[in-house]
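Trainee: Listed below, chain by chain, are the residues.
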Amino acid sequence: MKRKSTKFVIAGVIIFLAIGFMIYSSINRYSGFYLKPGELVAKGESAYGEQLRLNGKVAANSVDWKPEIPRLKFKITDGKTTIPVVYKDLPPDTFKEGVEVVIEGVYTKEGTFKASSLLAKCPSKYESKKKEKK
Amino acid sequence: MVDIAYFSLIVSLALSGYAVVISLLGARLKREEMIKSGERAVLSVFVLLTFASIALFHAFLSRNFQLEYVASYSDRSLPTIYTISAFWAGNPGSMLLWAWLLSIFSAIVIYQNRRKNRELIPYILSILMTTSVFFLAMIIFTANPFKQLNFIPPDGRGLNPMLENPGMYLHPPTLYLGYVGFAIPFAFAMAALITGKTGEVWIRTTRKWTIFAWFFLAVGNMVGAWWAYYTLGWGGHWAWDPVENASFMPWLTGSAFLHSVMIQEKKRMLKTWNMVLIIITFILTLLGTFITRSGVIQSVHSFSQAGIGPFFLGFMGFVLVGSLTLLAFRLNKLQSKGELESLVSRESTFLFNNLILVGLAFAVLWGTVFPFISEAVKGTKITVGPPFFNQVATPLFLILLLLMGICPLIAWRKATPSNLRRNFIYPLVAAIAGAILAYIGGIRLILVLITVLLMIFVTTTIVLEFYRGTKARHRMANENYFKAFFTLIWRNKRRYGGYIIHAGVVLLFLATIGEGYKTEKIVNLKKGESVQIRQYNLKFENLSTFPTASKQVAAANLTVSNSGHLKSITARKEWYPKQEQNWTRVAVSSTLKEDLYIIFSEFSEKGDNATFKIIINPLMIWFWIGGYVMAFGTVIVMWPDRREKLRLATGYTRR
Chain A
0 MKRKSTKFVI AGVIIFLAIG FMIYSSINRY SGFYLKPGEL VAKGESAYGE
50 QLRLNGKVAA NSVDWKPEIP RLKFKITDGK TTIPVVYKDL PPDTFKEGVE
100 VVIEGVYTKE GTFKASSLLA KCPSKYESKK KEKK
Chain B
0 MVDIAYFSLI VSLALSGYAV VISLLGARLK REEMIKSGER AVLSVFVLLT
50 FASIALFHAF LSRNFQLEYV ASYSDRSLPT IYTISAFWAG NPGSMLLWAW
100 LLSIFSAIVI YQNRRKNREL IPYILSILMT TSVFFLAMII FTANPFKQLN
150 FIPPDGRGLN PMLENPGMYL HPPTLYLGYV GFAIPFAFAM AALITGKTGE
200 VWIRTTRKWT IFAWFFLAVG NMVGAWWAYY TLGWGGHWAW DPVENASFMP
250 WLTGSAFLHS VMIQEKKRML KTWNMVLIII TFILTLLGTF ITRSGVIQSV
300 HSFSQAGIGP FFLGFMGFVL VGSLTLLAFR LNKLQSKGEL ESLVSRESTF
350 LFNNLILVGL AFAVLWGTVF PFISEAVKGT KITVGPPFFN QVATPLFLIL
400 LLLMGICPLI AWRKATPSNL RRNFIYPLVA AIAGAILAYI GGIRLILVLI
450 TVLLMIFVTT TIVLEFYRGT KARHRMANEN YFKAFFTLIW RNKRRYGGYI
500 IHAGVVLLFL ATIGEGYKTE KIVNLKKGES VQIRQYNLKF ENLSTFPTAS
550 KQVAAANLTV SNSGHLKSIT ARKEWYPKQE QNWTRVAVSS TLKEDLYIIF
600 SEFSEKGDNA TFKIIINPLM IWFWIGGYVM AFGTVIVMWP DRREKLRLAT
650 GYTRR
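Protein chains in written order, with numbering that gives the first Met the number 0: chain A, 0 to 133; chain B, 0 to 654.
FYI, nobody ran anything at the bench for these hints, they're computed from the structure.
Treat the hints with care, as some may be off.
[Unchecked claim] The list that follows gives simulated cross-link-like pairs (lysine-lysine, BS3-like), each with its CA atoms no further than 30 Å apart:
1) K605/B - K65/A
2) K517/B - K120/A
3) K207/B - K266/B
4) K380/B - K79/A
5) K377/B - K108/A
6) K95/A - K526/B
7) K72/A - K605/B
8) K538/B - K65/A
9) K526/B - K72/A
10) K65/A - K146/B
11) K42/A - K377/B
12) K56/A - K6/A
13) K72/A - K520/B
14) K266/B - K6/A
15) K74/A - K577/B
16) K113/A - K520/B
17) K146/B - K113/A
18) K87/A - K550/B
19) K87/A - K470/B
20) K517/B - K72/A
21) K120/A - K146/B
22) K526/B - K87/A
23) K577/B - K95/A
24) K380/B - K108/A
25) K517/B - K95/A
26) K577/B - K72/A
A quick note: this is a predicted structure, and the numbers were derived from the prediction, not measured.
Given the sequences, and given the hints that come with them, work out the whole structure.
Mentor: Put into structure tokens, the structure is as follows:
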């Protein structure tokens, strides 16, 4: 009687350990820092070449979009620090100056951020208006 | 009307609280009139919340912009149909929808159990109404849909155009039907624990509810994916976004629950495990609502932010601690009557399926909340990208697929070697032959080959099940094959409906194979210029621009020639001046083989030059077909069955 259920407990534990190990080994490999431009610059040289996410606003008068290449250049800012960004894909609909964006990619030695993905926050117009009124 | 509606929310809160107390008292003191009074209170909550919801619909339809909520999510130009769906566009309405559905379901439970499960009912209602108290308190104190402005704006701010879409019409209500639906089996489970009636009664009574909730969660997720694919226009349908994960997790544990209750029904085993599963699932539905509505976890399409966080976390903690304590007290009542015998048995495939589903849910949960935990503990903000989820989920999905094929082939209790040989030979031969053919056909991606192998294995298994059943009927009942096939399904809806659902899941896997063969290209075309992508030749004919009431439309007309076959396609870009927002309306041309997905990105002022992103998504349509097949199978499973009722009735008398 006892031995039969032990078998299952062992099998179950092995499965959970295997899944746990998969989670553990993948989470460090596929997670990256989530920074503001100022924090990125503060990290200095250690930030070069590492896959990370950057969150900030699209700086005013910084967007340079060449659809025929395609190549999008703009600057991302947290109000104090500004970093130039290059992105070789189409910007999302919600992308425009002043909007909050999350970009993922690599920071290069030249001080440019090469983005491989670009997400613009969904229009927060309603929310922000609400806040103004309060 | 608005004032009365608000007042009815407050009365509902009071009545929900009253129902909790009086039901518990009535059960304790065995006073039938108190229990009846609790039932009447629940029914009153249902009536009052129905009135409040109608009042909110009415406020939207009558354009009552004095209501802040109406003014925030609609305007005069919004079509009637989307004015109705604006009800659940924001937090207050979504929470009201939750509470309203809960009151509807509670009323149905009272009706269904008016002559049975009488000793469970007071506890069930007190648990449901505790949830109701929580949601109503949250609505009244933090997210009141009937909040009035001290002035009347001439017009509302309008609905986000991306929500003006059939997908967004269906997505929230279907998901909520699923979320709230799981509250019913949860309440029955807790009532079973409190009363000590931990037999199979609660599971049999709530079987339909469980499938109902599971079905709508599946539909909600599907519609969400469909909306993302056609509306968000980035070329995919699933991105492991926290909001998507939020509704996927309870579906995974719900699927586990659905399978493991079969073992309890048949073999009286896994009782504690089932309790744990329904507790986890219910908490995950709360977490799902919380993640979607609070925006706590960084997410690009968390539309809303409001001070509902502490409320939710508090309630989830309360549910978790409360239900686990209860479970701990009743562990002695949950001893299995049967016992698992062999690792090589059908029971054990169910068990492994459960472990994998729960493990998968845990992996998704961990990846979703890890950034949050890391920030709270270490102070560093990090993100977990889709590669994490793909890495962990892919092997688990494939194991689930394998189990789906093994399960019907293997005997209950203990499989003998001869049983294994006889049943496995055809599916195995077919699967290996299929994989070899795929290899000869030029498929070299190892993951795809494994998926093909397993898909054929499962499909053969399912076909064999139908074939053997039909043949047996043909011989025994002397029916022709056609009739035998349909009576087979009709007489065993649960079993064969389940196989149909599995066939739908196989199609979902078929669609994911396409991911590996995606082609993308960004092109800039002059008027009249064309471009070749695989077998498609796309010609940019012209651009037309025109205004409508709410937007400015730019439509790019293209001619697509697919190996001589001509077709004209229009991709649009729309500008909504009121919302100051662009919206790219992708053009999708689907065949069974692949989707041609055209994103119209940019155009020059004169309209003689435009930029497109063209994506070829192979096998995409099978994802949606798989969804329909799953839905069809679920309808068969849920179809009322007289024989089943009879079987249950005899089951009751036997004990």
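Trainee: Tell me, in ascending order, the numbers of any earlier hints that this structure violates.
Mentor: Numbers 10, 12, 17, 19 - these are the hints that the structure violates, sorted from lowest upward.
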